[in-house]
Structure formats: C-alpha cells, structure tokens
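K.L.:
Residues in the sequence shown are numbered from 359 upward in steps of one, following the numbering used here.
A few of these clues could be false.
[Said to hold, decoys possible] Have a look at the derived ranges for each label pair, beta carbon to beta carbon: (1) LEU528 x ASN449: 16 to 24 angstroms; (2) GLU398 x GLN539: 26 to 34 angstroms; (3) SER476 x ASP437: 21 to 29 angstroms; (4) GLU447 x SER424: 15 to 23 angstroms; (5) ASP485 x GLU413: 41 to 49 angstroms; (6) SER516 x ASP412: 47 to 55 angstroms; (7) GLU482 x THR427: 17 to 25 angstroms; (8) GLU482 x ARG553: 26 to 34 angstroms.
No wet-lab data here; the hints were simulated from the structure. Even for Gly, the Cβ is constructed at its ideal location relative to N, Cα and C.
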Amino acid sequence: MWKIRIAAVLLAAAGLTHFVVGTDIRSANAQQVDVAELLEEVAGAADRLKTALDELPDRIEEAKNSEQTGLKLLDQLEDVINDIASKLEENGAIWQQLSELQEIWKQNYKRALDKSQSDSQYREIADLWKEKLDKVAELKQTILIQRGESLSLMDSMSSRRGKIVEYYKLGAADRVVAAMQEISDQFAEMNEGMRQIVEATAGVVGPVTQ
C-alpha cells in the first residue's frame, strides 16, 4: 500500500528555512500543510485502486455467471475511478494549492538568484529552489496525464457495460471474463500512473512508503 508521510515543514526538511523569514515562512508552511493533506487524499485513492486491482481476479471469477454480481463489481470499479478523477481535477483544490506553492517557491528562487550576484554561495540555494520548482511542475504534468486516462477509462467502462449485460443474457461466461479482463488491464495501467504520482509527490512533500 502507498502512504505519504508528510513532514510538518517541508522547508525545514530541505534545509532552506534560514532563507525564508517572517510572513513568507508562515505562508509557505501553511500552504505546505494544505498541499500535504490534499495529496494524502490522492494517496488514499491510490490505495483503493491497488486494492481493487489485487482483488479483481477473484471478483471476476465470482461474477462470470452472475449478472447481479458482475454489475455490482462494475459499479464499485466506477466508484474507484470517479474518486481518482475528482481528486485529480484540473483547477481543483490540489491544482490550486500546488500553483500557490509554486509561486512562493518562485519568489524564494528569484531572491536567492539575486543574492547570488553578490554572494556566490547563494547560487546553491537558488539551484535547490529550482530543483523543487521542477519537481512540482513534473507532478502537475503527471496529474494531468493521469486524470485524462481516468476519464478515458470511465468512457470505455460505460461502453463495455452494455456488452457485458448482453453476454450475461447469452450465458457467454467466457466473453464476460474477457471483457472484465480488458478492464483489469486498464486498471493495471492506471495503477502504474498513480504510482508515478505518489513517487512524484515524494519530491514535493516528503517520502513515500509502499
């Protein structure tokens, strides 16, 4: 399972707090907590996806001859995907919080870069802030890609549902299993995408355990 362990103050963990003072550090710390809490929710959604994927082979076997069981399974899988899509929504809470955090870090990067003109030691500080900015940008791009894939999976599941119902009516258990397996394969791809998001998150808000 994936769980994000959030440091209370990211800047302290990065060893950069000595460069951010007054209202800046209070703002950055408050923003960090907000982002951390939101991304913990994403990690929870990733956990549910992985659990659903791990259980899917047995669930498919149970559902192959029972339309009621099969449709219940599809409903549960759609709930998992909807949960992920809602949490990864572009311009949603996570997106906005990451954007605000980026702005704070951009200011810190620019300040360090300016100071490096007269004190070369600040160049390392600027580089560290730039590294953090790059990681946030990478995380946002990964979120966008994964949200698109989750919406695509929802569309394909909706179209497959009708076919699966017809297979049940025909008593074609083998075709039910084949259609369910296609969904399972897509879940596996999404599981990999969520793993990438959780790993990218580690570069922004703290370490990740599996």
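K.L.:
Hints first: check each against the structure and report whether it holds.
P.N.:
Status of each hint after checking the structure:
For LEU528 and ASN449, the Cβ-Cβ distance of about 44 angstroms falls outside the hinted range of 16 to 24 angstroms, so the restraint is violated. Separation of GLU398 from GLN539 is about 32 angstroms and conforms to the stated range, judged on CB atoms against 26 to 34 angstroms. Between SER476 and ASP437, the C-beta spacing of about 57 angstroms breaks the proposed range 21 to 29 angstroms. The hinted window of 15 to 23 angstroms between GLU447 and SER424 is violated, with their beta carbons roughly 34 angstroms apart.
Roughly 45 angstroms separates the CB atoms of ASP485 and GLU413, a value that falls within the hinted 41 to 49 angstroms. Against the hinted window of 47 to 55 angstroms, the Cβ-Cβ separation of SER516 and ASP412 comes to about 24 angstroms, which falls outside the hint. At roughly 60 angstroms, the beta carbons of GLU482 and THR427 sit outside the given window of 17 to 25 angstroms. For the pair GLU482 and ARG553, the beta carbons lie near 32 angstroms from each other, so the given range of 26 to 34 angstroms is met.
Hints 1, 3, 4, 6, 7 from the list above are not met by this structure, while the remaining hints are.
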